[in-house]
Amino acid sequence: NLTFLAVYDPWGHSYSCVILYSLFDLGLVKGDTLIELTATSAHILILVAADYFDDIILLQPCESDEQEAQKWLNKEAGAIDHSHLTTFVCGLKEECTEWEEHEEKTRRAIKQIVRWDITKDNPLGDVVLAQADCVLSGGYLDLVSKDHEMYLKLLKHICSLVKIGGHLILIAVLNMTYYMIGQHKFSALTYDEKFVQKSLASNGFIIVRSGKEKNRHNCDLIDYEYVAYFVSRKEREV
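Heads up, the sequence shown is in the UniProt record's numbering, so the first residue is 1 and it goes up one at a time.
Relax, there's no trap hidden among the hints.
Computed beta-carbon distance windows for the label pairs:
| id | residue 1 | residue 2 | range |
| --- | --- | --- | --- |
| 1 | GLU225 | LYS30 | 27 to 33 angstroms |
| 2 | LYS153 | ASN74 | 30 to 36 angstroms |
| 3 | THR119 | GLU95 | 41 to 47 angstroms |
| 4 | ALA201 | SER64 | 32 to 38 angstroms |
Read the hints as simulated data drawn from the structure, not as lab findings.
All C-beta atoms in this analysis are idealised placements derived from N, C-alpha and C, irrespective of residue type, glycine included.
Given these sequences and hints, build the entire structure.
Spelled out as structure tokens, the structure:
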């Protein structure tokens, strides 16, 4: 429920949503097309983006998440209930919206769900996407990158999806060493702000805004020092 997400939020989703609303309200990031890449099928950040972008494309890293996202989009039986996330997002808006109405608005904005397969040289496979005004990635690189080399390789693919003058919004967890899924503990890629700054610059981007919030949760599911955001504008192709 709303209280649970606001209080017990070890992944920093509430912070990320507040930041996104601020960025979009200020007009710092705008356009028609947004591509989102995340490591889950929940897509809480898309619930925010749907208020500002009419053409949203979801990239799904695995088949099961792709299927779950498609089921939710089509309102199929057995689809995961994300109403608690939608209720939370609606509570952040100045204009009050019923969660059902906002979910329908989000569904209308999602124009395509595409598989993103990192086992291929080109994660999009044969799919060709036009470069977007904005690419949004929340926590994806943190969870899938086995080392810094893999992070840089995947970031390059992600950066190629942004048009010149467009923006990349990265939500990152800094100085993380592990995370838990159920009873299983996984090692995480550890990196800091300077690594992100250098990585974005090497891909032709300049950071126009960034910030971070210290981890305030005493939680065994994940350890990190900060949840951070980086808004960068694409100046050139690399």
